[in-house]
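Heads up: the sequence lines are chains A and B, in that order. Under my numbering, the letters of the first sequence match residues 1 to 484, in that order. Under my numbering, the letters of the second sequence match residues 1001 to 1411, in that order.
Calculated directly from the structure, the hints in this document are not laboratory data. Virtual Cβ for every residue (Gly too), placed ideally from N, Cα, C. Treat the hints loosely; a few may be bogus.
Claimed, not checked - Sample of chain A residues facing chain B (criterion: CB under 7 Å; computed from the structure):
| hint | residue |
| --- | --- |
| 1 | L7 |
| 2 | D99 |
| 3 | K123 |
| 4 | T206 |
| 5 | N213 |
| 6 | A221 |
| 7 | P235 |
| 8 | S239 |
| 9 | P241 |
| 10 | P262 |
| 11 | E271 |
| 12 | A273 |
| 13 | Q306 |
Stated by the list, open to error - The calculated lysine-lysine pairs, modelled on DSS-like cross-linking and capped at a C-alpha distance of 30 Å, are:
| hint | chain 1 | residue 1 | chain 2 | residue 2 |
| --- | --- | --- | --- | --- |
| 14 | B | K1253 | A | K218 |
| 15 | B | K1133 | A | K229 |
| 16 | A | K374 | B | K1206 |
| 17 | A | K119 | B | K1348 |
| 18 | A | K229 | A | K218 |
| 19 | A | K113 | B | K1007 |
| 20 | A | K123 | A | K229 |
| 21 | B | K1037 | A | K123 |
| 22 | B | K1376 | A | K123 |
| 23 | B | K1253 | A | K374 |
| 24 | A | K374 | B | K1348 |
| 25 | B | K1253 | B | K1348 |
| 26 | A | K374 | B | K1376 |
| 27 | B | K1213 | A | K228 |
| 28 | B | K1376 | A | K218 |
| 29 | B | K1037 | A | K374 |
| 30 | B | K1375 | A | K228 |
| 31 | A | K218 | B | K1375 |
| 32 | A | K119 | B | K1213 |
| 33 | B | K1007 | A | K218 |
| 34 | A | K123 | B | K1186 |
| 35 | A | K228 | A | K374 |
| 36 | B | K1186 | B | K1253 |
| 37 | B | K1213 | B | K1037 |
| 38 | B | K1253 | A | K113 |
| 39 | B | K1007 | A | K229 |
| 40 | A | K113 | B | K1348 |
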Amino acid sequence: MTGRVTLPRIGTEAAWRRAARGFLSAGVPPEDLRWTDAAAPQGLFDDEADVPDGAREIRVPRAFAAMSNAVIWHNDADRFDRLYAFLWRLQREPGLMRDRGDVQLAHLRRMEKAVHRCKHKMKAFVRFREISAPQDGRRQFAAWFEPTHHTVEFTATFFARRFADMDWRIYTPDVSAIFEDGRLRFGLDVPRPELPGDASEDLWVTYFRNIFNPARLKVQAMQSEMPKKYWHNMPEAASIPELIAEAPARARAMAAAAPTLPPVRTARVQEVARAQAPDHWSGPREGFAAALSGCTRCPLHRGATQAVPGAGPETAALMIVGEQPGDLEDLQGRPFVGPAGQLLDAALADAGVPRAEVYLTNAVKHFKYVTRGKRRIHQRPNTSEIDHCRWWLEAELARVRPTVVLALGATAAQALTGEGAGILKRRGATERGRHGGAVMISLHPAHILRVPVPAEQARLRRALTDDLAAAFATCRGADARIGR
Amino acid sequence: MARLTLKEKLAILSDAAKYDASCASSGSTRRDSRDGKGLGSNEGSGICHAYAPDGRCISLLKILMTNFCIYDCAYCINRVSSNVQRARFSVEEVVQLTIEFYRRNYIEGLFLSSGIIRSPDATMADMVRIARKLREEENFRGYIHLKTIPDAAPELIEEAGRLADRLSINVELPTDASVKQHAPEKSPDQIRRAMADVRLRRQAAKDRSHTGKRPPRFAPAGQSTQVIVGADGANDATILGQSTRLYGSYGLKRVYYSAFSPIPDASSRLPLISPPLQREHRLYQADWLLRFYDFQLDEITGVAPGGNLDLEVDPKLAWALANRAQFPVDVNHASREMLLRVPGFGVKTVNRILGTRRHRRVRYEDLLRIGASMKKARSFITAQGWSPGALTDSADLRARFTPPPEQLSLF
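Between the sequences and the hints, there should be enough to build the whole structure, so can you do that?
This is the structure we're talking about:
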């Protein structure tokens, strides 16, 4: 014998859960039950089945709970039967929710999708009108809406979260939602009210008509997202046929129109604009930094944010030259601010060298990289790029005239001495650079960061610290001799 | 000159704003006004409240504060040398329009842009005032997108980022050379520096201080940009190369491609064309492949003859047709990476295949139910009970996907 289960039209979700739990717990198979909602015509022969107390604990996957909470609101009469039948199977096949190819699950997922779409369209297409003066300080709004599925209860909390400081009602042919004084309630079969006109609607239609670009008519794209069934409750939709009809002529007119002469004020306005004070970003308009920022000597400028000039006092006795700016240096426009810069800072501190007394720069001034996904991966500059950029390095050398230049890594060594190989053998010694001054060679901190073995990394770090201290001591000694 | 009514201003300043493609309202912080003290909510996913007959979604009130402008960008309706009617909203008018539209559930929030008046700072300061009034006086908790003027003072950008959900700065054109040619007052270097600045501020806003306190959020929905397609001679490889750099360098949420569209009172320096809508569509598809399907730029541009994407077939299909040696793919064994490369399979489809495959072997009918586009996919896969046979390597495979040839009209 089959029993009928009638679920209420308001609070359907809680009632379904309670009933399903009870029947499942009592072991009532799906074929013994006929589920309906209270609006459906009642059969003559089925008797209302009593919901047994859910004595046994029923566990369902979270994914099923989320799905059933949507499918409940579908307008198919068989939605409860399908859900219960699937729930029945789920007790025996616990992994079923992940089998997306299952025929019944695929059907339920389709229903779920339809309900979610209906919910989404309700959030989008409900149009409130202001219906009277504010009451008790709360403004009064109402809307008439015709959802495809029973989504009012499912969606009303969205409006309650969004429009909590006003009173609103969404009337539909089915369930209506009424939100007054911060309380949400539902009504059944409320007759369609006459909503008064609203002046803002005219502004909204004006906006809709003008944001449309007649040169890119795509009617199908509009209709697939905003189906015609919603149009009669949307004030802006009335202008759609006219906009479509006029569009080709408007686009043609734009193309055919002859160019006009600029208005007379144009020259004057532009003159004023050109005379404006320098902005906050451009920095010096002349001199080394300005010239460097416009550098296009090699192709690296195309991918980089900016050329990164050296930083530090122009009277520094020690100049440290790295390879090239990294990701953060490129964004900030300052040398040695990224991870390698932090390691250099630590090594400088260990060596007792104050960073403020050192001129820091790079052999190449633009960041060279390749993009992998959303990250920029550093690439070593090639000989041609190093050679093009030497022009800038030599300009810095000529300005600062350091006593000692410390070259960090192969790129800096190549730029300064013409030879980039054999860094580990050459480090610690003093060589004569192309510019005629003393060049000491050391390791690049980025190289040290990449060494995987901690003991080896610590050893190389000590080496860098020693070289920094030695270079600084050489400067001090030379300064003392020439009385700087 | 007679004073314009609010309606007339709205008509002028929304008409002037429609060439900005972005209308996203998603991906910001979750918030609502259940406390009854404010208006609005944001729940992660965006909502398109209407669609115009151009197929574009209307999610935000997208307007210019003013269309007066001191710049002379050839592609722009609002350039100083154009004869369009000019208008300017007051701060109160923009706030009122936003709030009244929002209360009637027309919009998710405001996308405010502006022509440059007086100076970049003065313009940005006015835009920030509007956002501040919305947030602080009206307690507006909906979405705000502010177009950032790249030359504006850093403290204005700082405040804009705290008030808005998203900031954007348009790179406008694919190469520095074409920006210099068509937008002489704009500086590509400065645009990049400003985007770098936004990225650094966003990063800084994510780091907790040593006391564990969170700094105020900065543009939680990220930054985006727009590039006009078809106004200069740049090919798709150049455009996608620029996008890749922008995503990698500045952590952009989106690069919008906007087909160069006819404008009223066009400049004689830049003749009008019919907007290349299909090209714009293909660029978006390629952009998706780069961001979500683990394609590398050279894989996409490598199969694009002359550096331009195939207009007849989508870029993934074009890649598959050129790399048939890697197909057919066995849906029951292939890696996730390889499944993502099958034309007709999206990210959701692939996730569902991987889920189903843990239970049993996947059949052709399963794939239909899973939601794969089998018209495309079937030539490139094997499944339980399905083999494409010679289809994968057939000479006319491409012709099966392209639109049928049309007979030319005699008249």
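Okay, the hints, checked on the actual structure:
1. L7: Hint violated; L7(A) Cβ to chain B Cβ min 28 Å, cut 7 Å.
2. D99: Where the cut-off is 7 Å and the nearest Cβ of chain B is about 5 Å from D99(A), the hint holds.
3. K123: Holds: closest Cβ of chain B sits about 5 Å from K123(A), inside 7 Å.
4. T206: holds, 5 Å
5. N213: With a minimum Cβ separation of about 5 Å from chain B (threshold 7 Å), the hint on N213(A) holds.
6. A221: holds, 3 Å
7. P235: At 9 Å from the nearest chain B Cβ, P235(A) fails the 7 Å test, so the hint is violated.
8. S239: Since chain B brings no Cβ nearer than about 9 Å to S239(A), farther than 7 Å, the hint is violated.
9. P241: violated, 9 Å
10. P262: Holds, about 4 Å.
11. E271: violated, 10 Å
12. A273: holds, 4 Å
13. Q306: At about 6 Å, which falls below the 7 Å cut-off, the nearest Cβ of chain B leaves the hint on Q306(A) intact, so it holds.
14. K1253(B) / K218(A): holds, 26 Å
15. K1133(B) / K229(A): Answer violated: K1133(B) to K229(A) is near 38 Å, above 30 Å.
16. K374(A) / K1206(B): holds, 18 Å
17. K119(A) / K1348(B): With a Cα-Cα distance of about 21 Å, the restraint between K119(A) and K1348(B) holds, given a limit of 30 Å.
18. K229(A) / K218(A): holds, 18 Å
19. K113(A) / K1007(B): violated, 39 Å
20. K123(A) / K229(A): Cα-Cα ~15 Å, so holds.
21. K1037(B) / K123(A): Since the Cα atoms of K1037(B) and K123(A) sit roughly 21 Å apart, the hinted pair holds (cutoff 30 Å).
22. K1376(B) / K123(A): violated, 34 Å
23. K1253(B) / K374(A): Roughly 10 Å separates the two Cα atoms, so the pair holds.
24. K374(A) / K1348(B): With Cα atoms ~21 Å apart, K374(A) and K1348(B) stay inside 30 Å; holds.
25. K1253(B) / K1348(B): holds, 20 Å
26. K374(A) / K1376(B): Status holds; Cα separation ~29 Å.
27. K1213(B) / K228(A): violated, 51 Å
28. K1376(B) / K218(A): holds, 24 Å
29. K1037(B) / K374(A): Outside the cut-off at roughly 40 Å; violated.
30. K1375(B) / K228(A): Holds - the C-alpha atoms of K228(A) and K1375(B) are around 28 Å apart, at most 30 Å.
31. K218(A) / K1375(B): holds, 24 Å
32. K119(A) / K1213(B): Distance of about 38 Å is beyond 30 Å: violated.
33. K1007(B) / K218(A): Distance of about 26 Å is within 30 Å: holds.
34. K123(A) / K1186(B): violated, 40 Å
35. K228(A) / K374(A): Distance of about 40 Å is beyond 30 Å: violated.
36. K1186(B) / K1253(B): Within the cut-off at roughly 23 Å; holds.
37. K1213(B) / K1037(B): Roughly 25 Å separates the two Cα atoms, so the pair holds.
38. K1253(B) / K113(A): holds, 27 Å
39. K1007(B) / K229(A): Measuring from Cα to Cα gives roughly 29 Å; hence the hint holds.
40. K113(A) / K1348(B): holds, 13 Å
Hint compliance for this structure: hints 1, 7, 8, 9, 11, 15, 19, 22, 27, 29, 32, 34 and 35 are not met, and every other hint is.
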